[in-house]
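J.: Take a look at the letters that make up each chain.
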Amino acid sequence: MHISEGILPPLWAGLWFAVAAPFVWLGLREVRRRSGTSPHFKVLTGLVGAAVFVISCMPIPVPFTGTTSHPCGTGLAAVIVGPAVTTVIAAIALLLQALFLAHGGLTTLGANIVSMGVVGAYAGWLVFAGLRRAGFGMVVAAGAAGLVSDWATYAATSGELAAALHGGATIAATFSAIALAFLPTQVPLGVLEAVVSGAAMKFLLARRPEFVGEPPAGPI
Amino acid sequence: MRAQGVLLALALPLWLAAVPFSAPAASAASDWAGVDEKVVEKFAHEAGRPPREPLIDTDRGDLLLFVFLVAGALGGFIAGYCYRALFPPRGGKKG
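So the protein sequences, as listed, match chains X and W. Using numbering that gives the first Met the number 0, you'd call the opening residue of the first sequence number 0 and step up by one each time. Using numbering that gives the first Met the number 0, you'd call the opening residue of the second sequence number 0 and step up by one each time.
Derived by calculation from the structure, the hints in this document are not laboratory data. Source: prediction; values computed, not measured. No residue lacks a Cβ here, since even glycine has one placed at the ideal position from N, Cα and C. Hints may contain errors.
Label pairs and their calculated CB-CB ranges [to be verified]:
#: 1; chain 1: X; residue 1: W24; chain 2: W; residue 2: A72; range: 31 to 37 Å
#: 2; chain 1: X; residue 1: F63; chain 2: W; residue 2: P88; range: 46 to 52 Å
#: 3; chain 1: X; residue 1: L27; chain 2: W; residue 2: F76; range: 20 to 26 Å
#: 4; chain 1: W; residue 1: L54; chain 2: X; residue 2: G134; range: 46 to 52 Å
#: 5; chain 1: X; residue 1: V211; chain 2: W; residue 2: F67; range: 26 to 32 Å
#: 6; chain 1: W; residue 1: Y80; chain 2: X; residue 2: R28; range: 24 to 30 Å
#: 7; chain 1: X; residue 1: G13; chain 2: W; residue 2: G47; range: 17 to 23 Å
#: 8; chain 1: W; residue 1: E45; chain 2: X; residue 2: A133; range: 38 to 44 Å
#: 9; chain 1: X; residue 1: G129; chain 2: W; residue 2: F86; range: 28 to 34 Å
#: 10; chain 1: X; residue 1: S34; chain 2: W; residue 2: P49; range: 39 to 45 Å
#: 11; chain 1: X; residue 1: G134; chain 2: W; residue 2: R59; range: 51 to 57 Å
#: 12; chain 1: W; residue 1: V69; chain 2: X; residue 2: M57; range: 18 to 24 Å
#: 13; chain 1: X; residue 1: G13; chain 2: W; residue 2: V69; range: 30 to 36 Å
#: 14; chain 1: W; residue 1: H44; chain 2: X; residue 2: G134; range: 28 to 34 Å
Model the full assembly from the supplied sequences, consistent with the hints where possible.
T.: Set out below in structure tokens:
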């Protein structure tokens, strides 16, 4: 889902920075608030950030499609530290990837933050919170969060590309074409991300249950 | 619950086992290109906005290896330094 340097026209690139900025600000405020109440929170955020950085640039070969793609990790991160903090984590991970790994770009950083750090994180967290309130177990809810956040991230990228690059075609037609091109790789990878997220949750519940709480009713 | 655990434990090995079996189809198709290249950049090319060179190109010689080495060493040091904060002893015991 990394949109490389120079792909988006300047106007669109700027617009996505403007969309991402309030979410990053909200996340930074949340990091400060929770660090005040829990001395371990910043360190936990750093650990989750390292995991998101690695997961979101790790190419995984998808059998029978002949392509590789990467999971996002933002669904699991949102379950552990909340979606607002996950936006900050994704922003830092994407910045480092753009600077040192040619993975994404600096001008397209805003668009990539919106797809992975905002849409992916909030979609995953909403699914997790919804399933928990419906009575599903933590492992199933975390797995579903991983799946939905992965697919939502790629859907958002398709939307960003379609909006900027549709040319003579309609945005809906371009969106469908891009989303369909992602489909063969991302459907199995989303399932894999669900399994990994569920397994990570199972591990955390067994070893460090204090890291994973119920979705907070108040601030996110 | 046990079946769920077995499923989780088998998923990754099964996935990895399927990769070499799908190699003939894969090599004909694309040599394991990433979707960023195969989808995002393909549509960008078609739309007349190909990607530009990255501002910092680390894909030269061993530069990328060096970057990974520095980041790994730095990250490992910080994780070690903050180990107690990351994994506090259970029950508040010091040790």
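J.: Taking the hints in turn, state whether each one holds.
T.: Each hint, compared with the structure:
1. The hinted range of 31 to 37 Å is satisfied by W24/X and A72/W, whose Cβ atoms lie roughly 32 Å apart.
2. Distance hint for F63/X and P88/W: a CB-CB separation of about 47 Å, consistent with the stated range 46 to 52 Å.
3. Checked against the hint of 20 to 26 Å, the pair L27/X and F76/W passes, with Cβ atoms roughly 25 Å apart.
4. A hinted range of 46 to 52 Å holds for the C-beta pair L54/W and G134/X, which are about 49 Å apart.
5. Range check, V211/X to F67/W: Cβ separation about 30 Å, and the 26 to 32 Å hint holds.
6. Distance hint check: the CB atoms of Y80/W and R28/X are about 27 Å apart, consistent with the given range 24 to 30 Å.
7. A hinted range of 17 to 23 Å for the beta carbons of G13/X and G47/W is consistent with their spacing of about 20 Å.
8. Under the hint 38 to 44 Å, the C-beta atoms of E45/W and A133/X, about 43 Å apart, fit the expected range.
9. In this structure the hint that G129/X and F86/W lie 28 to 34 Å apart at CB holds, the actual value being about 31 Å.
10. Between S34/X and P49/W the C-beta distance comes to about 43 Å, which sits within the given range of 39 to 45 Å.
11. Look at G134/X against R59/W: about 54 Å separates their beta carbons, and that is inside 51 to 57 Å.
12. About 19 Å separates the C-beta atoms of V69/W and M57/X, a value consistent with the hinted range of 18 to 24 Å.
13. Our hint of 30 to 36 Å for G13/X and V69/W holds, since their Cβ atoms are close to 32 Å apart.
14. As the Cβ distance of H44/W to G134/X is approximately 48 Å, the hint placing it in 28 to 34 Å is violated.
Of the hints listed earlier, the one the structure fails to meet is number 14.
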